[in-house]
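Protein chains: 2
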Amino acid sequence: MQKNTFRQKEGVFVAEGINVIEVALEASIDIEALYYDPIEVEEHIVAQQILHRALVKGIRVYPLVPNIISKISNTINPQPILAVLPRLDTELVELKEMDFLVIGVGIKDPGNAGTIMRSAQAAGAQGVIFCDNSVDIYNPKLVRASAGALFYLSLVEASSFEETILKIKSLGFFTVASLVDKGIDYTEANLVRKIALVVGNEANGLNDQIAQLNDLCVTIPMKGRTESLNVGMATTVLCFEAARQRRQLGNAHGTY
Amino acid sequence: MQKNTFRQKEGVFVAEGINVIEVALEASIDIEALYYDPIEVEEHIVAQQILHRALVKGIRVYPLVPNIISKISNTINPQPILAVLPRLDTELVELKEMDFLVIGVGIKDPGNAGTIMRSAQAAGAQGVIFCDNSVDIYNPKLVRASAGALFYLSLVEASSFEETILKIKSLGFFTVASLVDKGIDYTEANLVRKIALVVGNEANGLNDQIAQLNDLCVTIPMKGRTESLNVGMATTVLCFEAARQRRQLGNAHGTY
Chain B
822 MQKNTFRQKE GVFVAEGINV IEVALEASID IEALYYDPIE VEEHIVAQQI
872 LHRALVKGIR VYPLVPNIIS KISNTINPQP ILAVLPRLDT ELVELKEMDF
922 LVIGVGIKDP GNAGTIMRSA QAAGAQGVIF CDNSVDIYNP KLVRASAGAL
972 FYLSLVEASS FEETILKIKS LGFFTVASLV DKGIDYTEAN LVRKIALVVG
1022 NEANGLNDQI AQLNDLCVTI PMKGRTESLN VGMATTVLCF EAARQRRQLG
1072 NAHGTY
Chain L
822 MQKNTFRQKE GVFVAEGINV IEVALEASID IEALYYDPIE VEEHIVAQQI
872 LHRALVKGIR VYPLVPNIIS KISNTINPQP ILAVLPRLDT ELVELKEMDF
922 LVIGVGIKDP GNAGTIMRSA QAAGAQGVIF CDNSVDIYNP KLVRASAGAL
972 FYLSLVEASS FEETILKIKS LGFFTVASLV DKGIDYTEAN LVRKIALVVG
1022 NEANGLNDQI AQLNDLCVTI PMKGRTESLN VGMATTVLCF EAARQRRQLG
1072 NAHGTY
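Chains as they are written, first to last, in the numbering used here: chain B, 822 to 1077; chain L, 822 to 1077.
Bound conformation, chain B alone (with noise of 0.2 Å):
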């Protein structure tokens, strides 16, 4: 059930944890089915509410066999309750509206990319696009990583940076590269503009051609060791940079 091939096939992907399907709860995001294990859930005050709210929505709610959830699960505490979602990805041509968004390229670790979504969203990025191989947005660590924050996004899935950066460019994103040297300090860019902050992988963060493509490179400058933040921690204070430039303006979308 959690194999990549089946979740593209049928257009669905399963979600477990208590937080992401009260999450996807409050998005009102047309969740197919939650299933649950029965003796768990006797125990589980929050996953009985999360039940009744289902049941309230006319969300249809099976019970499992117990102890089938620790068994198809792959996470090492398996939570009461899964949820069966319809795929919320999206094309790249719906984002045109937006003004702010974040391209994670090669993004590998789910953790990463889960503080990646969580980040951006938080800091009032309308979009998330992962290109160039980066980890499935469906993978479940990365679901429970994100913490809901998935249903709150408009998700791509892309294929190659540079056929990404210029569609990105073609919508009129302007487009900020993190780098971990050599870029200008973030906070000295213009980041309410129109923005798509370009994070890179974990290891070796954006090579040098990836880096070119971009309208801008930016640094965070640190002390010491420029290994200090992964990729995550450096989307977090690269979005937050964003929404305090933006709340500072006033601007229109600053509801922060």
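There's no promise every hint is true.
Note that the list lumps identical chains together, so a pair holds whenever it fits in one copy or between two copies.
[What the hints assert, rightly or not] Using 30 Å as the maximum straight-line C-alpha spacing, the simulated DSSO-like pairs for lysine-lysine come out as follows: (1) K917 - K878; (2) K990 - K878; (3) K878 - K962; (4) K1003 - K892; (5) K878 - K929; (6) K917 - K1044; (7) K962 - K1003; (8) K929 - K1015; (9) K1044 - K988; (10) K990 - K1015; (11) K1003 - K878; (12) K892 - K929; (13) K990 - K892; (14) K990 - K1044; (15) K1044 - K878; (16) K892 - K962; (17) K988 - K892; (18) K929 - K1044; (19) K892 - K1044; (20) K917 - K892; (21) K892 - K1015; (22) K929 - K962; (23) K1003 - K988; (24) K988 - K878; (25) K878 - K1015.
The set of hints was computed from the structure by calculation and includes no laboratory data. All of these numbers come straight from a predicted model, not from anything done at the bench.
Starting from the known structure of chain B, arrange chain L on it as the hints suggest.
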């Protein structure tokens, strides 16, 4: 060997992880000894380089019986080398000459605690204090999650927050607590002065009682749900805002 009581009694702790040990060498920490798995190291060039650098520095290096590391390690992917290091924590009073600290209150998750250390160090904080039953600072998962930042920070393990805050104020620090709501916009706070940023427990944030003991309360304005950032991410945002303000002022501490 990983028991907390042993670490306290012997005044040493064990660090796993090639990256962490590399940073310990860079930071010229007095490593007591390195232990390695001869079979694993045979295929691991970076591990060989570390052993070589250690030998040149006069550090004792011992081979272990093959596969013993995976048996005593408590991480999923055990590393080919373990280091025995002296405990690095110090007393609160030793922080008196510093001007940028982070205080973690009831931080239980080693990943979050590690992120706090990384962000603090990268943003230019000189010390990190954990209090109110936070995770042991030598917890092996924390040590790995810190990516070596702990070797560049003054670290304090304190007891209650009430006691800690009194001492910190008596040393001349202005304490700034991060709340999920009700605080002023963190970008409007003066973070250039001699500050201690106070960040709270993952699940509940800082309670009112703790918040009241501080000189100022700040909040990170966010889109939508206030649970969007975890305590590690929030600390990253706050620390880099302090760094931005300090860089902008171009003060004496600012070689970021």
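Hint by hint, here is what the structure shows:
1. For a Cα distance limit of 30 Å, the shortest separation of K917 from K878 qualifies neither inside one copy, at 32 Å, nor across copies, at 57 Å.
2. Neither within a single protomer nor between protomers do K990 and K878 lie at most 30 Å apart by alpha-carbon distance, with minima of 41 Å and 52 Å respectively.
3. Taking the shortest Cα distances, K878 and K962 sit within 30 Å of each other inside one copy (27 Å), while across copies they are farther apart (41 Å).
4. Taking the shortest Cα distances, K1003 and K892 never come within 30 Å of each other, neither inside one copy (48 Å) nor across copies (44 Å).
5. Proximity of K878 and K929 under a CA criterion of 30 Å is satisfied in neither setting, with 36 Å inside one chain copy and 36 Å between copies.
6. Proximity of K917 and K1044 under a CA criterion of 30 Å is satisfied inter-copy only: 20 Å between copies versus 37 Å inside one chain copy.
7. For the homomeric pair K962 and K1003, neither the shortest alpha-carbon distance inside one copy (33 Å) nor that between copies (32 Å) is at most 30 Å.
8. With identical chains, the CA atoms of K929 and K1015 are at most 30 Å apart within one copy only, with a shortest distance of 27 Å there and 39 Å across copies.
9. When the C-alpha separation of K1044 and K988 is checked against a cutoff of 30 Å, the pair qualifies only between copies, where the shortest distance is 27 Å, while the shortest distance within a copy is 36 Å.
10. Proximity of K990 to K1015 under the C-alpha cut-off of 30 Å is restricted to the intra-copy arrangement: shortest distance 10 Å within a copy versus 44 Å between copies.
11. Within a single copy, K1003 and K878 get their C-alpha atoms no closer than 52 Å, and across copies no closer than 33 Å, so neither meets the 30 Å cut-off.
12. For the homomeric pair K892 and K929, the shortest alpha-carbon distances inside one copy (25 Å) and between copies (28 Å) are both at most 30 Å.
13. Taking the closest pair of Cα atoms, K990 and K892 never come within 30 Å of each other, the shortest separation being 45 Å inside a single copy and 52 Å across copies.
14. In this assembly of identical chains, the alpha carbons of K990 and K1044 lie at most 30 Å apart only when taken from different copies (26 Å versus 33 Å within one copy).
15. In this homomeric assembly, K1044 and K878 come within 30 Å of each other (Cα to Cα) only across copies, at 25 Å, whereas the closest approach inside a single copy is 51 Å.
16. Taking the shortest Cα distances, K892 and K962 sit within 30 Å of each other both inside one copy (16 Å) and across copies (26 Å).
17. For a Cα distance limit of 30 Å, the shortest separation of K988 from K892 qualifies neither inside one copy, at 42 Å, nor across copies, at 51 Å.
18. Taking the shortest Cα distances, K929 and K1044 sit within 30 Å of each other both inside one copy (26 Å) and across copies (26 Å).
19. Taking the closest pair of Cα atoms, K892 and K1044 never come within 30 Å of each other, the shortest separation being 46 Å inside a single copy and 37 Å across copies.
20. Proximity of K917 to K892 under the C-alpha cut-off of 30 Å is found in neither arrangement, the shortest distances being 42 Å within a copy and 53 Å between copies.
21. For the homomeric pair K892 and K1015, neither the shortest alpha-carbon distance inside one copy (46 Å) nor that between copies (53 Å) is at most 30 Å.
22. In this assembly of identical chains, the alpha carbons of K929 and K962 lie at most 30 Å apart whether taken from the same copy (12 Å) or from different copies (21 Å).
23. Proximity of K1003 and K988 under a CA criterion of 30 Å is satisfied intra-copy only: 26 Å inside one chain copy versus 41 Å between copies.
24. Taking CA atoms no more than 30 Å apart as the test, K988 paired with K878 passes in neither setting, with 39 Å inside one copy and 53 Å between copies.
25. Proximity of K878 and K1015 under a CA criterion of 30 Å is satisfied in neither setting, with 37 Å inside one chain copy and 52 Å between copies.
Hints 1, 2, 4, 5, 7, 11, 13, 17, 19, 20, 21, 24 and 25, counting from the list given before, are not met by this structure.
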